[in-house]
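Residue numbers (our numbering), protein chains in the order written: chain A, 864 to 1023; chain B, 1333 to 2107.
Incorrect hints may have been included.
Derived Cβ-Cβ restraints for the label pairs, each shown as a range [to be verified]:
| id | chain 1 | residue 1 | chain 2 | residue 2 | range |
| --- | --- | --- | --- | --- | --- |
| 1 | B | Ala1738 | A | Gln984 | 55 to 63 Å |
| 2 | B | Asp1610 | A | Asp948 | 33 to 41 Å |
| 3 | B | Lys1974 | A | Pro986 | 28 to 36 Å |
| 4 | A | Glu1019 | B | Pro1373 | 52 to 60 Å |
| 5 | B | Thr1436 | A | Ala882 | 19 to 27 Å |
| 6 | B | Asp1909 | A | Gln984 | 57 to 65 Å |
| 7 | B | Asp1838 | A | Glu1019 | 20 to 28 Å |
Everything labelled a hint here was simulated from the structure, so no lab data went into it. All residues carry an ideal CB built from backbone N, CA and C; glycine is no exception.
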Amino acid sequence: MTADQTITIQCTVNGEAHALAVAPGETLLQTLRNRLWLTGTKEGCLEGECGACTVLVDDVPVDACIMATGAVDGRDIRTVEGLSDKERLSPLQQALLDHAAVQCGFCTPGLLMTLTALLEQQPSPSPAEVEAALAGNLCRCTGYRQIIDAVMAVAEEQRP
Amino acid sequence: MTAVGANVQRSDGEAKVRGEAVFGVDLAVARMLHARLFRAPVAAGLIRRIDTSAARASDGVHDVVSGADIQNQRAGVAVFDTPLFATDYIAYEGEPIAAVVADTPELAEAALRRIEIEIDEVAPIATPEQALSPGARLVHPSWAEFGTVGGIDFGAHGNMVAEIFSDPGDVEAAFEQADLVVEGTYSTPRQYQAYLEPKMALATYEGGRYTVQVSHQYPFRVRDRLAQVLDVPKSAIRIVGHHIGGGFGAKLDLGLEAYAAVLARRTGRPIKMVNLPDEERLTAPCRENAVVKIRSALRNDGTILAQDVDVVFDSGAYANNGPAGASIPMFMYASIYRVGTARIRSRMAYTNTAPTGAFRGVSGPYLVFAAERHMDQIANELGRDRREYRLATLASDGHKMRNGQALEELSILHKAFELVEARAPWSDQGADQEADQDTDQNGEKLRGIGIAAAVWLTNPQPGQATVKLNEDGGIIIVTAATDSGSGAVTTGLRQIAAECLGLSADHVAVTMPDTDVAGFDAGSQGSRTTHVAGRAVFDATSEVRRRVLETAAGMLEAAKEDLLIEDGIVRVAGVPDMSLSLGQVAMAATFSKGPIVATASYTTPPPPHDPELTKGMLFNTWPTPTYHVHLAEVEVDPVTGKVTVARYVIAQEVGRAINPDAVMGQVVGGVAQGLGYTLWERMEIEDGRYVQRNFETHGLPLACDMPKIETILMEHPEPAGPYGAKGAAEPSIVPVAAVIANAVSDAIGAPIDSIPITPEAVLDALQSLEHGVSG
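Input sequences plus hints: build the corresponding full structure.
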């Protein structure tokens, strides 16, 4: 890859500003994992089906494996590493642990991003709304029940 | 008791929700190169020429290897039939033919495309029926030269990998006495494990030793198989395990490890390999497609005089651990029901398809599907209530299976039927069938109910644990047991040690597997970890406890018998101010007799049985049985054919639930996989090639597909288990296909004897019923 084929973009990742020289066709997933070492975002199917690579771009969940990094110029990106500070987990992260909703954990970062976006948009979702939100996140381990219980518990706690 | 029975959180949980947990695919080391495999593009063919020179000259390429460049002898778990690279002929689509090492995965991929190959394609042997038909082309012309583990004769012949049977010789005579013969054929497809983390390996070769970093369910199996494939001593190999992004049986045998090890030695550089998603799907050791035929000789009063069972499995192009799975019919038939006498034949065939292998419950889901569909069929033919007929036919404590092993606690199964009944009273829809057919005109849903029972095992294979008491009172468990998600290691083993030593599980840490450090452990398979590795942890911790009390008795000048341990404090009973922390005791021991460390091992002893009753078995007994009853109510839309699970109830016997939430996660997760297998997932084969080649067409269960699962955990402590625990993680998948098919057949009034039960299959069955009625 020669230098003139790269494009330079600006974006924020978990609140931190980055200027990145990226190759054409480089995906956001490659950028996050290979350049920024944010390996919490997982590489699953590489076709936008499994949701393990879900990140938030301007608060909207996207599959980073099929999003070109060139397309996030000027945008705000959040990954699983940005969900909590060193001391405290986010209520959703804590709820997943409290409800034994993490098994192998490979889908967990992606579904945390999807569910974080859901709760930001709709703080009191119904179980059906949670199920619908998870339509793009596959979990082969849990059968989803404990995940949904965890989200409902957070929604209940946040209810005014 | 405090730690056991509590919902302790998994020790890797916080790292997993923070995205900090390093899975195998996340690993990187200095000087690392990347390798990719060139895989067969066709299902069967003769390799005429392979030219790697252009690939070798490609940018960033360090090495290109094919079968001619290395020792490439056949090896395997049960049958030594699998080469690292295909050389003369291709046995399945996706079979490795060559490997490329380059600076990046992308450069390796580019070089792969420059490998030239000439193949004379031949018509694949696509099905076991075709493979076993007279005169069929041999998938492996040299099959007769393949060695087997321990030299066991599995009855291999031609395309037959294994033929395992039990024939008491009195079955035909019983059929001659029958008032009625009922027979059925039950067929099931492959199922892909669909773990999300692809298989990977990161190998280094240094100072004459190989180190391979893996995300693998069974690191010691990797060590032993690498020794076999590389023809080096086991002690020249170290396997280090990392977090596993799902396995469900697919990560129990070698994947990419041997390729990475060979290439690391050749290049002198660390080699990382990760499968692409399409390689995973093409080559994963799916649950095998199978056809089961059952004939039963009956008296009019419902007594089963004899059963004749014939099972044909698809091994795919290589045997893997197939002969173990092919042994399981001996425990699934003539076991929980009284069937008089039984002849059971189990045959596994080579085909030109991807090798099949272990998937949660191994052959159980389809064997129980056939067994329990057949029970419904018999009950319906006799005009008996399907639940009542099962209860009337259920065997009692001490009933012997075909291998001569007695099921000593079958009464648990009777109790399971009662508990399910108390939760969801049975009402057989059979009698209402006509009313249902009438209402269907008004667009109403057809309702049906199904029930099924099963006995499952706890894998007995060995495990060892070392328990160390640190000088701050913390505990470290050193084990090669793996946690591919169940929590058996990250909660269960910690809770067992904590309970035994009288402290909180927060003070117990557990290592990741490392075969140089930990003793042998047979990996996460067959629900064995909590029972077997847990027993090793219990025994080792008991010895740690003994040494703590011995040391503390000297320090406190008290009798050992007067000491107790509570919340990490050793006290003299009745003397409140006479106490020491576990840390103080450990410190004193370390600087006198030595650190407090103990190691223990456990293997479940084989239950008494008679090896003469069966032939060709790789798996002779059914240790530590657990008992299961599932019930489902379904609604079927007669217009669209869609099946909705309205209610799902389980009574599952677990011995003792060390961590009830974790057990529930296993139960529900297993049912989800079972529902996928039964209703939605497709892994079809046409001309030896998979039809569904991505998640979009595959049909994995989504959150919105899952019904509520009502679970009754039956605790019936097993004396040999740690705090009574038996295996719990695997079996909930086993009865699902049976119970759903029974319920759908009940709803529509027509038998469903194959899965998946797609809307098209339901509509076809309804249509054939209409034709049958009008004709």
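Hint check results:
no.	hint	verdict
1	B:Ala1738 x A:Gln984: 55 to 63 Å	holds, 59 Å
2	B:Asp1610 x A:Asp948: 33 to 41 Å	holds, 39 Å
3	B:Lys1974 x A:Pro986: 28 to 36 Å	holds, 33 Å
4	A:Glu1019 x B:Pro1373: 52 to 60 Å	holds, 54 Å
5	B:Thr1436 x A:Ala882: 19 to 27 Å	holds, 23 Å
6	B:Asp1909 x A:Gln984: 57 to 65 Å	holds, 59 Å
7	B:Asp1838 x A:Glu1019: 20 to 28 Å	holds, 27 Å
Violated hints are absent here; each numbered hint is respected by the structure.
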